[in-house]
Structure formats: structure tokens, C-alpha cells
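Required output: the full structure, derived from the provided sequences and hints.
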Amino acid sequence: MAKTKLLGEFVKGLWKENPTFRIVLGLCPTLAVSTSVNNGIGMGVAATFVLVGSNIFVSLVRNIVPEKVRIPCYIVIIATFVTIADLFMKAYAPLLSRSLGMFVPLIVVNCIVLGRAEAFSSKEPPLRSILDALGMGVGFTWALIVISAIRETLGNGTIMGFYLSRTFEPPLFMILAPGALLTIGVLIAIINYFTHKRQG
Amino acid sequence: MSQLVRFGLVLGVICLAATLVLAVTYEITKPKIEVQLNTEEQSALRSIMPLAESFNEKSLDGIEYFEALKGKDLVGYCIRVVGNGYSGYIRIVAGVDLDGTIEGVAVLEHSETPGLGAKINEVKPGESEPWFLKQFKGKNVRTIAVKKNIDAITGATISSRAVTDAIRKTTDDLFSKLKK
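If you read the sequences in order, they're chains A and B.
Note that numbering that gives the first Met the number 0 has the first sequence beginning at 0, numbered continuously upward.
Note that numbering that gives the first Met the number 0 has the second sequence beginning at 0, numbered continuously upward.
Because the hints were derived from the structure by calculation, they are not lab data.
Please note: incorrect hints may appear among the correct ones.
For lysine-lysine, the following BS3-like pairs were computed, each having C-alpha atoms within a straight-line distance of at most 30 Å [what the hints assert, rightly or not]: (1) K89(A) - K123(B); (2) K176(B) - K146(B); (3) K138(B) - K71(B); (4) K178(B) - K89(A); (5) K71(B) - K29(B); (6) K176(B) - K136(B); (7) K147(B) - K168(B); (8) K89(A) - K29(B); (9) K89(A) - K57(B); (10) K176(B) - K71(B); (11) K138(B) - K178(B); (12) K71(B) - K178(B); (13) K136(B) - K146(B); (14) K133(B) - K89(A); (15) K15(A) - K122(A).
If the Cβ cut is set under 7 Å, some of the chain A residues that face chain B in the computed set are [as the list claims (entries may be wrong)]: (16) R21; (17) V23; (18) L30; (19) T34; (20) P65; (21) P71; (22) C72; (23) T82; (24) I83; (25) A90; (26) P93; (27) L94; (28) G100.
Only a predicted model underlies this, so the values are computations on that prediction, with no experimental measurement involved.
Just so it is clear, CB atoms sit at the ideal spot from N, CA and C, and this is done for glycine as well.
Structural data, given as C-alpha cells:
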């Protein structure tokens, strides 16, 4: 396998292999939590923590774990980090924890996390796995911020909880699931348009 | 056979390590989480029963409530109410004075849909308390019902009903038990 530069493992998650806009993984949490920018940031940070933690440990045990039981092993590792994130959020950021609700425990089944374990850190050394996880995490976070900024502004008339205008009656559907699908669809279309244009 | 043992061993060791890590994390965060929940409830109690000075936690036949005291006089009750919302439980505390007039209502925890049911706790700009919960103030707790004297939230009748009915039922229950 041709080794890319270390920094490349980080950078690829930001744009070229962005989990939300390019690989289109983890849409369920994206739909659910991108209703406000605060939620988006919180979810992004929690998912990044889980990604980094599980990628390190999956990478460390990659030579010990037999192939046939690898998925249960990965899930146990991921679930451990999700629970840690959940407990710490409850203890130190109760407001955020309440507004994210069920979706923090559900990071366990976020396909970005298991996807990176299976596709990357189970084959690569820890340092590369950390960089990969950070890249994917940051990529997921900025995607969530963009989507939730659009949805919060249009659907709720607020940005990060502050009201933009008191007379604006926002269209409710933007904050419900259809609004998320529309926003993600339009954003992916725009990104694809520019990518194709650049490639000629 | 030896392969099977190896599978079990690897998985077992990983699970054991995970359990240890989680047990430690749980012990570290547990007191902190309890403090958070407690301060939240205390500040909610004060906001729904402003005239009370202290609260005395009690329980009667499974209903958990607080006696609201001013000095040594009983001025009302704050009752822990759990409503069955659209997507999970809604934890509420309701403050009621001795003749059943609602002093205030606060939602502690819910998982209702953002933009719809979550409006049970929405504060409009320029106001200091949630507009839906404000409706309960000053009404007799036995009479409250959605569409009758409580306006439901648009698109969230289930959440509105859950809050209203749970408060009425639990409080009614408590009052009839207290009389016995």
C-alpha cells in the first residue's frame, strides 16, 4: 500500500473524503441534531472524541483481534467511548446533554465511527489512525455546523440561540426532517457542481 | 476448538477492560451528575413557588412531592410529575398552593421534537418564562384541560396534553390521598 503523507490522513477528511458531503455517511445523526448550531457543534465534538478514542484502540489491537470476532470487539470499544462521552457531557455540560438527548448514546451506531474502524484503523498504525479520526471528526463537525446554521436561521429564526428578527415567521419544515434532507441535498449538489467543474 | 477459545479470550479481555474503564468513569462523574440534577430541581422549585422559603421532600404512595414552607407554615406543594410525551417521558415539577391554584410549572427534562413538542419549554424573545407553561398560572389544577382553558401548541397536541393531563392527574391524586 502506497503510504501517503501523515498530514494527508488528516486533510482528506476535511474535503476530499468528507464523511457527510462526500462519503455521505452518518446521515441519521446529521438529520436529527442539525436543528441548531449549538447542537451541531456539541454532536461534532462528541463524535470526534469517540472517533479518536476508538480509532486508537482499534489500531492498537488490530494484530491481536481475530478477523471473525472483529466487529463485536470494535463495537465494545466504540460503545465504551460513547458512554464515557455521554457521562462526561451529563456531568459537565447538562444543557447540551439534554438538547442532544438520545443522540449521544446513538453515536455507537454512527456509521462514520464503525466505518473508520473497519476501513482504516484496523489496518493502520495508531498515529495515522489518530490523524484520520481527527480529520473525519473535524470534517463531520464543520458539515454539521454549515447544515445547522442554515436550518436554524431559516427554520427557527435564530442563530446560536439569538433571535435575528422578531417579525420573521420562520417556515417550520426547515427545522423538521424534510428541511434537513433538502439542505443536505442542495449542499451536496453545490459541492458536486464545483468539483466536476474543476475536474473539467 | 483452540480457535474458539482464542475468540472468546480476546473478546473477553476487551470486554473486561471496557467494564473497568466504564466503572471508573461512572464513579468519577456520578456525584457531579447528581449535583447538576439537584441544583436544576432546586432552582425550578424556587421559580414555581416564589413565596416559599424552604422545601421539604416527601413521598406518599409513590407520589414524590415537596412541602413548600414559609417559615414554619405550609404554603403549598411542589409535585414531581411525569408525563408520557410524544417521544418519551416529560419530567415536570408543578407548584400548587393549598386550595389547588397553580403557582407555576417547570419542565425539567423532555425529549420532544425540536420545533414542535419542544416548545413546551420555549421562551419567547423578551420574555422570562416559557409561554406555554405560563398559561397554567392561577388556574385551579382540577380544571385544567387542553382546548378548555389551556391552548395547545400548534402541531404538538400530544405533548401539550401530556403535560396538562399529567399535572392534573398526579396533583388530584395527591390531594385526595392527603385528605385521607
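Hold the hint about G100(A) up to the distance rule: shortest CB distance to chain B must be less than 7 Å. 5 Å, holds
Next pair to validate is K15(A) with K122(A); report whether the Cα-Cα distance is within 30 Å. Roughly 20 Å between the alpha carbons, so the hint for K15(A) and K122(A) holds.
Next pair to validate is K136(B) with K146(B); report whether the Cα-Cα distance is within 30 Å. Judged against 30 Å, a Cα distance of about 16 Å means the pair holds.
Has the given pair, K71(B) with K178(B), been kept, meaning a C-alpha gap of at most 30 Å? Since the Cα atoms of K71(B) and K178(B) sit roughly 20 Å apart, the hinted pair holds (cutoff 30 Å).
Does the interface hint hold: is V23(A) within less than 7 Å of chain B, judged Cβ to Cβ? Where the cut-off is 7 Å and the nearest Cβ of chain B is about 23 Å from V23(A), the hint is violated.
Are the Cα positions of K89(A) and K29(B) separated by 30 Å at most? Measuring from Cα to Cα gives roughly 9 Å; hence the hint holds.
Does T34(A) hold up as a contact with chain B if the rule is Cβ-Cβ below 7 Å? This interface hint holds because 4 Å falls under the 7 Å limit.
Using Cβ atoms only, decide whether P71(A) comes closer than 7 Å to chain B, and label the hint accordingly. 6 Å, holds
Would the hint on C72(A) be counted as holding, given a Cβ-Cβ threshold of 7 Å to chain B? 5 Å, holds
Under the criterion of a CB-CB separation shorter than 7 Å, is L94(A) in contact with chain B as hinted? Constraint on L94(A) not satisfied, violated at 10 Å.
Please verify whether K89(A) and K123(B) have alpha carbons no more than 30 Å apart. 26 Å, holds
Given pair status - K168(B), K147(B), alpha carbons within 30 Å: Holds, at roughly 16 Å.
In this structure, the earlier hints numbered 4, 5, 16, 17, 18, 27 are contradicted, and the remaining ones agree with it.
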